[in-house]
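S.K.: Sequence:
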Amino acid sequence: MGRGRQKAKQTKVARELKYHTSSIDVTALQRELGEGHGYLPPPPPVSTEVADDDDDPYAAYIVDDEDDDGSQGQYASAR
Numbered sequence: 001m002g003r004g005r006q007k008a009k010q011t012k013v014a015r016e017l018k019y020h021t022s023s024i025d026v027t028a029l030q031r032e033l034g035e036g037h038g039y040l041p042p043p044p045p046v047s048t049e050v051a052d053d054d055d056d057p058y059a060a061y062i063v064d065d066e067d068d069d070g071s072q073g074q075y076a077s078a079r
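If you read the sequence shown in full-length UniProt numbering, its first letter stands for residue 1, the second for the next number, and so on.
Mixed in with the good hints, there may be bad ones.
To be verified - With beta-carbon atoms standing in for the labels, derived distance ranges:
no., residue 1, residue 2, range
1, T48, R5, 54 to 60 Å
2, P42, I62, 43 to 49 Å
3, R15, T48, 33 to 39 Å
4, P45, H20, 45 to 51 Å
5, T11, V46, 57 to 63 Å
Hint data in this document are derived by calculation from the structure and do not stem from the laboratory. In this text, a Cβ means the ideal position worked out from N, Cα and C, and glycines have one as well.
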């Protein structure tokens, strides 16, 4: 289908949706949408605690930079 025919078909469908009344079952729609109260439960609280390294399974792989002896290492030029 060419672009002109495709656009004409879309325009026709859009006009039908805009101007022709359809038989919408409002009560079924309200039931489906959760009675339409508009209430959303509050989100779960976000923890502001700092995670312990004991709980982190990857804590053993973290490089500790505090005991750096001043050498820049292999990637000095990348910084």
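S.K.: Next, verify each hint and record whether it holds.
M.R.: Evaluated hints:
1. T48 - R5: 54 to 60 Å: holds, 59 Å
2. P42 - I62: 43 to 49 Å: violated, 35 Å
3. R15 - T48: 33 to 39 Å: Between R15 and T48, where Cβ atoms are some 54 Å apart, the hint is violated.
4. P45 - H20: 45 to 51 Å: holds, 49 Å
5. T11 - V46: 57 to 63 Å: violated, 48 Å
The structure shown violates the earlier hints numbered 2, 3, 5.
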